[in-house]
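S.K.: Sequence:
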Amino acid sequence: MGRCVYRVSSAAATLLTVLIAAVTVAATTARAYDHAGVTVAGALLVGQNEEGKLGTNRILNPFALCANFDTTDVTDTTLLIGGASYFFTFDRHSTYLSFWYGQGSMNLNSGPIDQVRLTGVFGCTTVRTTSSSGSPIPTVYYVQNDGFLYWVMNSVVYVTLVKNGISLFDVTVYKGNLYLLSAQNSIYKCLIGPGGAVTGSACTQVTLTGSTAYANLSETSTSEFKGFAVSSAGIFIAPSSSLYWFNLNGGYIASTTTAVVFVDVKFTSNRDTANPGIPTLMAASTSAVYRVSTAGTSITYTLIAGKETATCNLALDNVDSLTDPSFCGIARIYPLSLDVVYMTTAGASVVRAIVVSNTTIRDTITRTPFPLYFLDRASTIPVLLDGMNYEIVGHSNVPFPYVAIDQSTPEVNDTTWDTSFGVDISNRFFSMASSAAVTSTPFMGSLHGLETYYNRTNQIIFGDPNVLPMCNLTKMLMIERAVATAARAALKYPYIYTSNAQNFTVNAQPNLTLVKLLMPYAFGEILNELGFFENTTTAAALAAVQFNTTMLAAVRSAYMMDRVYDCIFSGNAYPFHVLTAAQQQEVRWIIYSAIQNQLARCNQSIPYLGPDSNSSNSYNNMAPGCVPRIGINNLTEMLLPGLPYSNFNITVFIPESLYYNFGISRCLDGTDWTDVMGYLINATTRNNRKCNTGCIVGIAVASALVASFLVVAIVIMTSKRRRLATVVAPAATSEPKFISTLDMTSEEGSRNPLTR
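Throughout the sequence shown, residue numbering follows mature numbering (1 follows the signal peptide of the UniProt record, and there is no 0), covering -32 to -1, 1 to 724 in sequence.
Here are the simulated EDC-like cross-link-like pairs (lysine to aspartate or glutamate), alpha carbons at most 20 Å apart as the crow flies: (1) 21 - 59; (2) 484 - 502; (3) 131 - 114; (4) 275 - 292; (5) 275 - 285; (6) 275 - 288; (7) 484 - 386; (8) 460 - 382; (9) 484 - 419.
Here are the in silico distance ranges between beta carbons for each label pair: (10) 341 - 420: 17 to 23 Å; (11) 135 - 420: 54 to 60 Å; (12) 161 - 420: 43 to 49 Å.
These are calculated hints, taken from the structure and not from any lab test. Where is the CB? At the ideal position from N, CA and C, for every residue including glycine.
Using the sequences and the hints given, assemble the complete structure.
M.R.: This is the structure we're talking about:
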């Protein structure tokens, strides 16, 4: 798995600010193979050295280009630029140019970097050598058009004489050996010793044979524009002439035959060990950049950007453009990929780049919060995005590194808990088909990894599936957010989420609903000097939270008011308090059945004739294939101070997707509770053989006056709250058995026997 090392979006977002506003639409208007040309550092023909970002920085005669000495910077975020008198570090993303060293106080060519003075860096290469302890040591090797090899390690410059009387123009590395390009008809191969040291006198001279043209050129050419590259295929040299190809022993293979004067040749420098890709050979003349191919004993090249001209003007022919840039005075190239190539133009005192624009598409993984803001995000998010990039490449068939997630773009919407991110597709491969393939990537492996991460903690909240609106994703998110809010408050941490609620079934029937808290692993385990231990503080803090109350309140607020119906059973007429817990569950379902039957009767009398769908956001987002059902909570005891019994409340929640063309409150006011009373009589008889049906009826009659007082009190209380509620009391002879308190000033209120 690997991340896209050579994205353009993050770096080019800054680079392209120097261009006209049309750059904002370049991703959709530029042809697939157009390269934009941009200035990234320095100012045209301004020969100074100044730190800063593009527009304020200055660099005198930039020449050498190589990788950063930071061993962790596999994406080449920072480059090293060697100029006439300084080594600079250059941040590709911010375009910030910083001095590294070069004008030391002691005018030395070796020693601590603050004492070393540079005379002009012609070529450099960066090697991640390994110390005796096994740790990586970044080492920068460079040459300065003399017979010495220089290298920097741990802020100290070392030097070794390769040979007197020669001029070294470039340096590269291949298979643990340094290769040095000289002005003579040979190169030098030097073994990198322990700790990165090189002994110049031990370097091997490789004479280049078989080409009279190259031998003559090495004797007559006075150009300082020379570059080369080495690989298993051989040695490629650009000596301000044709491009020459030799084998590793120095034997001539081939050369170009046209009039292009090549000044540098380099392989693409992807150093990401997870996704190194196949290096591509690229070359440059002073005014154009080419892709080089070899086959058998032939060598060919293809124009990438620029125009081949015999002469050019430094002031007039270094023009930035989205589709038709011009270049003049190219000295060195540093190709990250075919899409991104940096170059120095020494005489013009600017550093430039060619880039293939990206098209950035937005993708979203719904209801899946990534741990973007967790304390351990620096170690988790890159790994997660690497896995996603791997899956995108496999699903879209766009090769690495031309498609990848921009790692600066992922964000979690704290309202929806959707995670969205930008995916950059090189215009070299962009099409509607590739875009669709990217956005349809399922990310199964990466999401499994995310689940594994969240499983490092194990705090689960239990809910009642008979209350929760499991079919309605919008409502469930509201409830899950309420749970997360309560957990955030308890743990004093603002980034806690929940999983999707899942029903836990027993005998094929939902018995519990599980909601897992998604939070940093530190809430699950604590690491100290003795090892990993369970974080007991988390469990204690969460145990103090009344999540049942939180969830029930969230359920109520998720429904529209006319879809929530409260029924209060008068305790003297319906003594539920004498029932066992199991019996209260049984009577709960008898009440549920009575309500369903009553709604069915009302619906039969006044059938729904509206459309099959509704535009209300509260119930449009339904789980596919899920059949909505009426929710019902448990019987809730309502203590009445001073009275020998308690009232009981039960609440039902009617989904908006169950279309009813009548007032639910008025309908349910007419519910027949005969089965409830029958069950209560039978259950009470079983629980207490001393009190039979006559006893219960006697209790009801004896408590009539108290019941009247109770009903009045409840009516007054609930009418002020203006919620759907039913007070279940002994029936009057000619009145409905249950009276709604939704609106006591309405017609229903005039029918209440207590108002007469």
